[in-house]
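Listed in order, the protein sequences are those of chains A and B. Numbering-wise, the first sequence is residues 1 to 493 according to my numbering. Numbering-wise, the second sequence is residues 1 to 338 according to my numbering.
Please note: incorrect hints may appear among the correct ones.
Said to hold, decoys possible - Straight-line C-alpha distance at most 25 Å; calculated DSS-like pairs for lysine-lysine:
no.: 1; chain 1: A; residue 1: Lys170; chain 2: A; residue 2: Lys232
no.: 2; chain 1: B; residue 1: Lys335; chain 2: A; residue 2: Lys435
no.: 3; chain 1: A; residue 1: Lys476; chain 2: A; residue 2: Lys435
no.: 4; chain 1: A; residue 1: Lys361; chain 2: A; residue 2: Lys205
no.: 5; chain 1: B; residue 1: Lys41; chain 2: A; residue 2: Lys59
no.: 6; chain 1: A; residue 1: Lys287; chain 2: A; residue 2: Lys240
no.: 7; chain 1: A; residue 1: Lys361; chain 2: A; residue 2: Lys90
no.: 8; chain 1: B; residue 1: Lys335; chain 2: A; residue 2: Lys20
As the list claims (entries may be wrong) - A few chain B residues facing chain A, derived, Cβ under 7 Å:
no.: 9; residue: Thr36
no.: 10; residue: Pro40
no.: 11; residue: Ser44
no.: 12; residue: Leu48
no.: 13; residue: Leu58
no.: 14; residue: Ala192
It is worth saying that the hints were derived from the structure and are not from the lab. Note that CB positions come from ideal geometry on N, CA and C, so glycine has one too.
Each chain is listed here by its residues.
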Amino acid sequence: MRSAWLLGLGLLVAGCEDPKDGLVPIEGTTYRIGAPAQDGDKNEVIVDMLRSRDECRAKLELTDEQAEDCVPRFDRATGQGRFAFRIVDKVNLDPLFLPLAEENIKVSHDNRPPPEVRVTRHDARPTSQLFILLIDGSQSMHEPSTQEGPVMKVYNALMDPSVIDGFFPKTGSVERGVLLLRFTDQVRGFDGGPPRVITSRKEYKDVVQNYMLAGSPGWTHLYDAVDFSVGKLLEDAIVKDWIQQRRAEPTIVALTDGFNNEQSSDSCGTNAGRLTDTLEKVSTARKSEFGKRPTVYTVGIGRALRPGFRLPKVAPRQISPSMLCGRYQDSVINRGVELLGIDNASLDLMAAAGGGKSFVKSTHKGLASVFQEAAAERYGWYQVDYRVDGFYHRRSFDLGMRLDAFARGGAKVRVYPSGWVDAPALAPGDDGWGKPVSFRVTLTLLLPLLSLLLIGGFWGPASYNARRALFRRAVKDKGGEPPPSQTPPTMGT
Amino acid sequence: MNIVLIPYTWTRHVAPGLVTGSVALFAWWGWLIYYTVLAPKLFSMGLLLTLPAQGFMLLCSVSALLAGTSVAMEGALYRHSVLRRAATIVAVAFGTFVASAIAFGVTGGIVGVFMGQEMSAIAADGSLVTLRYRVMQWIMVGLMTGLGPVVARRGAGFLTHAFGGMVSAGIGCATWHYLGFHLFQDYYLASALGFFSWGLFYGLLIWAVPRDLYAGWVRVLSAYRYGYRIPIDSLQGGLSERFVGHFPRGLDLFLPVERGVAELHVSALVDGEQNYAVRGLSVWPTLTRRMLERVDLRYDPRSPAPLQTYLHNGDRMVLSDGVNETHLEFLLLPKEER
Chain A
1 MRSAWLLGLG LLVAGCEDPK DGLVPIEGTT YRIGAPAQDG DKNEVIVDML RSRDECRAKL
61 ELTDEQAEDC VPRFDRATGQ GRFAFRIVDK VNLDPLFLPL AEENIKVSHD NRPPPEVRVT
121 RHDARPTSQL FILLIDGSQS MHEPSTQEGP VMKVYNALMD PSVIDGFFPK TGSVERGVLL
181 LRFTDQVRGF DGGPPRVITS RKEYKDVVQN YMLAGSPGWT HLYDAVDFSV GKLLEDAIVK
241 DWIQQRRAEP TIVALTDGFN NEQSSDSCGT NAGRLTDTLE KVSTARKSEF GKRPTVYTVG
301 IGRALRPGFR LPKVAPRQIS PSMLCGRYQD SVINRGVELL GIDNASLDLM AAAGGGKSFV
361 KSTHKGLASV FQEAAAERYG WYQVDYRVDG FYHRRSFDLG MRLDAFARGG AKVRVYPSGW
421 VDAPALAPGD DGWGKPVSFR VTLTLLLPLL SLLLIGGFWG PASYNARRAL FRRAVKDKGG
481 EPPPSQTPPT MGT
Chain B
1 MNIVLIPYTW TRHVAPGLVT GSVALFAWWG WLIYYTVLAP KLFSMGLLLT LPAQGFMLLC
61 SVSALLAGTS VAMEGALYRH SVLRRAATIV AVAFGTFVAS AIAFGVTGGI VGVFMGQEMS
121 AIAADGSLVT LRYRVMQWIM VGLMTGLGPV VARRGAGFLT HAFGGMVSAG IGCATWHYLG
181 FHLFQDYYLA SALGFFSWGL FYGLLIWAVP RDLYAGWVRV LSAYRYGYRI PIDSLQGGLS
241 ERFVGHFPRG LDLFLPVERG VAELHVSALV DGEQNYAVRG LSVWPTLTRR MLERVDLRYD
301 PRSPAPLQTY LHNGDRMVLS DGVNETHLEF LLLPKEER
């Protein structure tokens, strides 16, 4: 008998998940989640997908209440999924703080992008940063010289209070510095002198007000300016010291209104070789230690020459004229193709290589939003909600995510719904996303059903007794009650 | 379960279903607590069942519980000793669990044989929601659920149990799949109602409260001696006959001649298989009335044998001399109501 019990117990334990490497149950659901794996080649960072409340508490140092947003949750009824992740340094496994936005996180459900995704950023952490603003100093920036001219738009954007707040936050103990540079064939400070780190709001305003509209125009050496800012500038003693002492991250914002144009005979195709060199230099700079590597944003003022341009899936080693310019590869830039639009392809490629983003804006508000984004806060962890049709929760599926900016990284994890039962569905939330319900809600199903059974159990005898009470009364004798002839006989007499 | 609360009506067929339905519902709820509320703790303790074991444990445990409940109800109604009840329940539940486990595994294996290699890989996914690869497992486990109590009942009602077990599990499976796959798109309500309907139909189909727990009575409905009743069954069981008339001595139920009752008017009898009948023994008018039916049992002097008709619960007998009438009724009451 004892051996039978032991055998049963052994079988039971054998049919249980191994706490070390088994599928982790997702609390409040019947789903389980496997071990996340890093997805993709040459990842620069580790994307750490969090699988349970314990992991959230341990890795993010959250309280139980704070961990509520971090705990993964899946729901077949609404097709909704939620997970949280953080970014970790590949080398020393320290958490990294990045300003990831919704568009930087590419989510996939069984290798297909879900139609609805929402990213919520948590644990905002202002970090020390050095903003390097590279402003195009070419003649076209000053044409026209009215409020509608490019340089005035940049001026208004730089003087926007929200942009200034972004560069120099009013609260917090972090230090921020701004390098205001103008580039033509050389890169110089706004005042024409060598680069200088501006660390106060007043100084910043003074420099912008006094020198923004000044300067002697020249050719647009955009690529050289980017080369300089990711290379020599960061090696400059003053800049290097400032960065090292404050553990600041350099963020470069290169702003132009046209093309890289070094001489009058340049055509669009001429830039292909130059851009290849620049991209290589940017990529090399990005290989430095995380936290010290520059992030490159590029901004075009005006409208894109090639709005349909899409970045190649794999970063190209060599940029060809056709890739960069399409049908404009032989078009002269000066007073030619630059009048049609901005070289958005170059800007996209440089931003992609620099781990940042590329923008084309035509108003000073739009430009201000770019500067704000470049100065955005960094976040400790991210919560991703997404929705697909519930149909796609009827078998196990791969949940994947990739970063498309700031750093190369991605992760994939397999999620296992139950093939038999589900927990109560999410309740509709005010924000259009379902919110978890308490397990007590199951009582609203259980109790009515049990009540029905109980009522059914009593209905039988109750209705039977009621029917008898109504229809099985004494039958009255016709014509009164004559005395009986005899009483019932007594037994035994 | 109490026999006093189960009249001899449709209730005796429905009552077991209500109990097994609620047991199945509680089983579903218990598993839901296990998988959603307790799972994180149990996982860290190494006591959380693997995903492929989920369906196996759900079906087999509900199967064992339903079979155990069926014999538990029987033990409660027959007032078996607590020890005997407990032993029967444990034996039947354990046996059913083992049989269901074997049926689940074997059926899964057989279904696997008929699948292609590609489909095998898909079907092996413990998360796959499928009717095609699960329906046979439901039905075979249902068969075992039906057959478990048959052993305790020594083979009585074998086909009813087997058929009822399979049909009830089939209904449960259909409910589970239809609601989950087509109507609600999730398996919360679908699983609850699936297991509930399995339990409900299991109780309805395989076993009703047995007739031998009831005894037949003849009861006076007329004003004189209203409510007086005599049992038809003897204490030893078997064939028994009770006589009604105005003969003053020796009859089972005396009723006065002034009420239109002959000296020996009718007799009520029961055979060895507990079928009840009433015989007309007098040439005076004798009528048995039930819904939409009247049976004249007046004795025909040209026929050597008296006329008789089977009695059903609630039938009325009207004894008369042409002027006065006495009304009797036939009742089936729990034997405990003596």
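Hints and how they fare:
no., hint, result
1, A:Lys170 to A:Lys232, "violated (31 Å)"
2, B:Lys335 to A:Lys435, "violated (56 Å)"
3, A:Lys476 to A:Lys435, "violated (68 Å)"
4, A:Lys361 to A:Lys205, "holds (23 Å)"
5, B:Lys41 to A:Lys59, "holds (19 Å)"
6, A:Lys287 to A:Lys240, "holds (17 Å)"
7, A:Lys361 to A:Lys90, "violated (35 Å)"
8, B:Lys335 to A:Lys20, "violated (61 Å)"
9, Thr36, "holds (5 Å)"
10, Pro40, "holds (5 Å)"
11, Ser44, "holds (5 Å)"
12, Leu48, "holds (5 Å)"
13, Leu58, "holds (6 Å)"
14, Ala192, "holds (6 Å)"
When held up to the earlier numbered hints, the structure conflicts with 1, 2, 3, 7, 8 and fits the remainder.
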